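Novice: Protein chains in written order, with the working numbering: chain A, 1 to 364; chain B, 365 to 603.
Please keep in mind that the hints were generated in silico from the structure rather than gathered at the bench. Bear in mind that the values here come from a model prediction, so they are computed numbers and not experimental data. No residue lacks a Cβ here, since even glycine has one placed at the ideal position from N, Cα and C. Each hint should be verified, as a subset may be incorrect.
Stated by the list, open to error - List of simulated lysine-lysine pairs, DSBU-like, C-alpha gap at most 35 Å:
| no. | chain 1 | residue 1 | chain 2 | residue 2 |
| --- | --- | --- | --- | --- |
| 1 | A | K323 | B | K560 |
| 2 | B | K518 | A | K358 |
| 3 | B | K568 | A | K272 |
| 4 | B | K480 | A | K254 |
| 5 | A | K250 | A | K136 |
| 6 | B | K375 | A | K30 |
| 7 | B | K518 | A | K254 |
| 8 | A | K360 | B | K519 |
| 9 | B | K568 | B | K380 |
| 10 | A | K250 | A | K228 |
| 11 | B | K518 | A | K281 |
| 12 | A | K136 | A | K25 |
| 13 | A | K323 | A | K360 |
| 14 | A | K21 | B | K518 |
| 15 | B | K480 | B | K560 |
| 16 | A | K36 | B | K406 |
| 17 | B | K519 | A | K272 |
| 18 | A | K358 | B | K568 |
| 19 | A | K323 | B | K375 |
| 20 | B | K380 | A | K36 |
Said to hold, decoys possible - Pulled from the structure, derived: some chain B residues nowhere near chain A, Cβ distances all over 10 Å:
| no. | residue |
| --- | --- |
| 21 | K380 |
| 22 | G402 |
| 23 | I413 |
| 24 | Q434 |
| 25 | D435 |
| 26 | A459 |
| 27 | K480 |
| 28 | S497 |
| 29 | G538 |
| 30 | E541 |
| 31 | V544 |
| 32 | Q561 |
Claimed, not checked - Taking beta-carbon pairs under 8 Å as the criterion, some of the chain A residues facing chain B (in silico):
| no. | residue |
| --- | --- |
| 33 | M38 |
| 34 | G44 |
| 35 | T267 |
| 36 | K314 |
| 37 | E332 |
| 38 | E333 |
| 39 | R337 |
| 40 | V338 |
Chain by chain, the residues run as shown.
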Amino acid sequence: MNIEGQIRIPSGCAIAAVISKEGKKMTGEKIIEAMKPMHDRSNGLGGGFTAYGIYPDYKDFYAFHMFFNDRSCRKNCEVFLKDRFEIIKSEIIPTRKIPSITDEPIIWRYFVTPLRSMLASYQIDENEFVARTVMKINSEMPGCYIFSSGKNMGAFKAVGYPEDVGVFYRLEEYKGYCWTAHGRYPTNTPGWWGGAHPFTLLDYSVVHNGEISSYDANRRFIEMFGYKCTLQTDTEVITYIMDYLIRRQKLSLKDAANVIAAPFWSTIASIKDEEEKERLKFLRTVFSSLLITGPFSIVFGFNGGLMALNDRLKLRSMVVGEKDDKVFIASEETAIRVMEPNAENIYAPSGGEAVIVKVKDGAI
Amino acid sequence: MLINAENMDFKTLNQKIRECGNECHIIGCCGQRFIGSGMNDKNIVIDGIAGNALGAYLNGANITLNSNAQDAVGDTMNEGTIIVHGSIGDAAGYAMRGGKIYIKGNAGYRAGIHMKEYKTKVPVMIIGGTAGSFLAEYQAGGTIIVLGINSNGKKIVGNFPCTGMHGGKMFLRGNAEDIVFPGNVCVKTADESELKQIEPEITKFCNIFGYDAKEILNSPYTIITPDSKNPYKQMYVAN
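Bound conformation, chain B alone:
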């Protein structure tokens, strides 16, 4: 069902989405916040600019945004998929605990901050372009992948990535030699078995956005993981 969101406030818009059945196409979106928040069993396609906290607490719905996204996409999302055919603002995937976010362009600051996982719930975020500073700050679980497509030789991750990281994994395409990591993480080239883990995700990413998966996979990847069971070692106390 088509919903014209022009001049509609976010409460009304979410109400219309709830009422519209499983297939929902929003046009004329203009900064409404919380679109699709907490929803399940729906496919939501959005034209126009979605506001902050797109898909917050998402619980199984699939959201496709045909433009840039603003801040806090997928805040605390639990399940489902968010696809962004543009760039994304700050704090994408803030504390997400399940589901997947695919971003064609760049991510702002603090992407994946405090992402977590539990048993079978393992969130994944793939950033096609570059990520800003504080990527994966306090990451506690899940997988973050940065591909650096069209980065034109610039650093694919900003300053202070993985600060306070104590769980999960990060993969960066390339050797990441120009990126400075803190002492609480291990940085090494991903081996074959590790690459196998992310291959299906990268293939899906390439299918969505029309990239050649072979080409994107044909590169060294750097994997970053926390380096001990006590990641706060040396950070706060000397134990």
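Extracted from the complex, chain A is given alone in its bound form:
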């Protein structure tokens, strides 16, 4: 079977997200329901979820969610991991056997912490150490794939429709303050488990509806900084761009949004506030290779919040709504109404307008 990288995959898709600003926990049931009316946006070749706040008992440890092709891949990988990490717990991620999800790889979960001696010898912090480990395993260890690597969060993804993927992973048993979801419509690929959304690195996750025209320009730039785009799905590069801009360049979310969905020069020229104009000029000039063109609507998740963003031309749909402590985001209003029939302040953000929602300080 050809996997991605050997085959090109333009994609449609559905996204949805919910976050409680009060940090109140929700099971995965609501977000699974939200994907149902958007069923026709996917074609059964990929579905996935990200959940934040689900591992409170292990919140100080990185949670690695991994796919292995077979037992020997897992054994080899564990030897590699044990050299670099203290493994606090390792277990199979519980799943349900259902007819709609087949051919699953071995799906395992590790709670780990980097060995202090390794950090000292590399002279890097633990996030950077974990990020490098993820890149190394995903690019150099065939049959092994880390698809989630953050603290107190996790990604769950598979080949199938999202509502089935949610049942498969027993998401009703997890409780998180923030959930994101994705249904995939790759039109030109057999699809494989690693190619489903979300794409994550550390606690950053991206679900994406769209098709990035600038993928290769973005990839060439980001690979100069140690990121390896091994999956050749466009969405992967968004995750690495966000990690680069936010964790390594320490940009604010708003600045990062203005880099990847920068306004047109003509729009910048018409801005009257000189300081704002200079800020936008600076970001477009310094990070010109990280402008993402082509259609996208994304939800970018991180510990403590999320950001929703459309491409600057708004070539994909995205709707936002609110109710009490919760904010809802989805490709279609109907998905929001399923999660909360009485959602208020429904609106469609403009192209390039970042919607940033953070959980109240101290609520988590």
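With chain A fixed as given, assemble chain B onto it according to the hints.
Specialist: Quick look at chain B alone, frame taken from chain A:
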């Protein structure tokens, strides 16, 4: 006839609509696409959220939606009326070639993209609130009216309206002085005879949504039309 659309897929729903006679009231609608597509001689009332491509290829039926609409309402519609008692998503009236769309609230991006007309077939879209960017992109015919009701001083149209417009007309309530238009269109204050053309449409809009037509009409309107027989002049080639 009442149709409960809960947990019904779009094919079944459209089948029920076809079978239900001339009067059709759908309740519990939850994102089903293509409702009423290609239909004629029917009055369809919808409660709940209608999915994408509501009334696509509509051929004479009347659709009333008592909530917000999603994307691509009236895609390529030929005849009939769509009334939306809320806001509408992107690409409303995409390539419509006849019929009317009345929107109480705001429109998303690309409303009226490539709307066209031929002889007696002249589509009309009225947006009660504001419209997003790329309004009337490549407009080739028909009439688009934006009223900006409850816009609270904000621009009533986003960026890049009328890009590639080469036919039809657009009317904006107010003087549109904060809106930047491309070089391929003429922008001027509508004169009395031009206003006469849209008066019946605006009156009908006000009757539907309960506005005072006198008040809405008592304002300057800006009319935008393509400025030459060769609208691509300077856009692609220097001829």
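Novice: Now tell me if each hint is right for this structure.
Specialist: These are the hints, each one checked on the structure:
{"no.": "1", "hint": "K323(A) <-> K560(B)", "verdict": "violated (44 Å)"}
{"no.": "2", "hint": "K518(B) <-> K358(A)", "verdict": "holds (27 Å)"}
{"no.": "3", "hint": "K568(B) <-> K272(A)", "verdict": "violated (40 Å)"}
{"no.": "4", "hint": "K480(B) <-> K254(A)", "verdict": "violated (39 Å)"}
{"no.": "5", "hint": "K250(A) <-> K136(A)", "verdict": "holds (24 Å)"}
{"no.": "6", "hint": "K375(B) <-> K30(A)", "verdict": "holds (25 Å)"}
{"no.": "7", "hint": "K518(B) <-> K254(A)", "verdict": "holds (22 Å)"}
{"no.": "8", "hint": "K360(A) <-> K519(B)", "verdict": "holds (33 Å)"}
{"no.": "9", "hint": "K568(B) <-> K380(B)", "verdict": "holds (30 Å)"}
{"no.": "10", "hint": "K250(A) <-> K228(A)", "verdict": "holds (20 Å)"}
{"no.": "11", "hint": "K518(B) <-> K281(A)", "verdict": "holds (25 Å)"}
{"no.": "12", "hint": "K136(A) <-> K25(A)", "verdict": "holds (34 Å)"}
{"no.": "13", "hint": "K323(A) <-> K360(A)", "verdict": "holds (16 Å)"}
{"no.": "14", "hint": "K21(A) <-> K518(B)", "verdict": "holds (29 Å)"}
{"no.": "15", "hint": "K480(B) <-> K560(B)", "verdict": "holds (21 Å)"}
{"no.": "16", "hint": "K36(A) <-> K406(B)", "verdict": "holds (29 Å)"}
{"no.": "17", "hint": "K519(B) <-> K272(A)", "verdict": "holds (15 Å)"}
{"no.": "18", "hint": "K358(A) <-> K568(B)", "verdict": "violated (45 Å)"}
{"no.": "19", "hint": "K323(A) <-> K375(B)", "verdict": "holds (32 Å)"}
{"no.": "20", "hint": "K380(B) <-> K36(A)", "verdict": "holds (21 Å)"}
{"no.": "21", "hint": "K380", "verdict": "holds (18 Å)"}
{"no.": "22", "hint": "G402", "verdict": "holds (18 Å)"}
{"no.": "23", "hint": "I413", "verdict": "violated (4 Å)"}
{"no.": "24", "hint": "Q434", "verdict": "violated (5 Å)"}
{"no.": "25", "hint": "D435", "verdict": "violated (5 Å)"}
{"no.": "26", "hint": "A459", "verdict": "holds (17 Å)"}
{"no.": "27", "hint": "K480", "verdict": "holds (22 Å)"}
{"no.": "28", "hint": "S497", "verdict": "violated (7 Å)"}
{"no.": "29", "hint": "G538", "verdict": "holds (19 Å)"}
{"no.": "30", "hint": "E541", "verdict": "holds (14 Å)"}
{"no.": "31", "hint": "V544", "verdict": "violated (7 Å)"}
{"no.": "32", "hint": "Q561", "verdict": "holds (31 Å)"}
{"no.": "33", "hint": "M38", "verdict": "holds (7 Å)"}
{"no.": "34", "hint": "G44", "verdict": "violated (15 Å)"}
{"no.": "35", "hint": "T267", "verdict": "holds (6 Å)"}
{"no.": "36", "hint": "K314", "verdict": "holds (5 Å)"}
{"no.": "37", "hint": "E332", "verdict": "holds (5 Å)"}
{"no.": "38", "hint": "E333", "verdict": "holds (5 Å)"}
{"no.": "39", "hint": "R337", "verdict": "holds (5 Å)"}
{"no.": "40", "hint": "V338", "verdict": "holds (7 Å)"}
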